[in-house]
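Each residue of the sequence shown is one higher than the one before, counting from 1244 in our numbering.
Treat the hints as calculated values from the structure; they're not laboratory data.
Keep in mind that a hint or two might mislead.
What the hints assert, rightly or not - DMTMM-like cross-link-like pairs, simulated, lysine to aspartate or glutamate; straight-line CA separation at most 20 Å: (1) 1279 to 1356; (2) 1279 to 1333; (3) 1279 to 1374; (4) 1279 to 1260; (5) 1279 to 1324; (6) 1279 to 1294; (7) 1279 to 1244.
Unchecked claim - So the derived label-pair ranges between C-beta atoms look like this: (8) 1281 to 1338: 15 to 21 Å; (9) 1301 to 1249: 17 to 23 Å; (10) 1321 to 1367: 25 to 31 Å; (11) 1258 to 1371: 28 to 34 Å; (12) 1290 to 1249: 30 to 36 Å; (13) 1292 to 1249: 14 to 20 Å.
For each residue, glycine too, the CB sits at the ideal point set by N, CA and C.
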Amino acid sequence: DATVSLEGLVVLMLNGDNGQVYRRIQLGTLGELAPKALALIAGPSVEAPADVPQLRIQSAGFIQNGPDAIVLADQDGRELDALVYGGRLDGFDEEAHALGEDRGEGSLVRLEEGGAFVWTCRASPGLPNTEAFEEPCGL
């Protein structure tokens, strides 16, 4: 495993109704990530460890309600990873679909590298994900 440059990588947020990109986030300003390291893209009020590379979006509600998708792409537009949330969207692998419905409070996480996204009641911005829950949070 080697350090990875984020130069040329972009996060695309796609509107599921029309397939259009509604937000593009360039990752190059984060520099490089060491193996198993993580970076955070978050709104202004999210608390996270200071040593985690972060891109702050100056809008608390910068992610639309689904069904929508978030795609990690390279500089040529090739999809490297994807997450579909809030419903189903054509054109994405089955593994990219996280939930068929919005479960309200909580967070989608990936517990295993390259594994499926699962639901958790414990948001962990900037920290490794450790647990998943089948039931809605607060019950």
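Comparing the hints with the structure gives:
Between the alpha carbons of residue 1279 and residue 1356 the distance comes to roughly 9 Å, so the proposed pair stays at or under 20 Å and holds. With a C-alpha separation of about 31 Å, the suggested pair residue 1279 and residue 1333 falls outside the 20 Å cut-off, and the hint is violated. For a cut-off of 20 Å, the pair hint linking residue 1279 to residue 1374 stands: about 18 Å separates their Cα positions. For the suggested pair residue 1279 and residue 1260, the alpha carbons sit about 34 Å apart, so the restraint of at most 20 Å is broken.
A threshold of 20 Å between alpha carbons decides the hint, and for residue 1279 with residue 1324 the separation of about 16 Å falls inside it, so the pair holds. Between residue 1279 and residue 1294, the direct Cα distance comes to roughly 14 Å. Compliance with the 20 Å bound is thereby established for this hinted pair. A hinted pair counts as satisfied when its Cα atoms are at most 20 Å apart, and residue 1279 with residue 1244 qualifies at roughly 9 Å. Under the hint 15 to 21 Å, the C-beta atoms of residue 1281 and residue 1338, about 20 Å apart, fit the expected range.
The hint said 17 to 23 Å for the Cβ distance between residue 1301 and residue 1249, and at roughly 20 Å that hint holds. For the pair residue 1321 and residue 1367, the supplied restraint of 25 to 31 Å holds, since their beta-carbon distance comes to about 29 Å. The hinted window of 28 to 34 Å between residue 1258 and residue 1371 holds, with their beta carbons roughly 30 Å apart. Evaluation of the 30 to 36 Å hint for residue 1290 and residue 1249 yields a failure: the beta carbon distance comes to about 23 Å.
Look at residue 1292 against residue 1249: about 18 Å separates their beta carbons, and that is inside 14 to 20 Å.
Violation of the numbered hints given earlier is confined to hints 2, 4 and 12; the remaining hints are satisfied by the structure.
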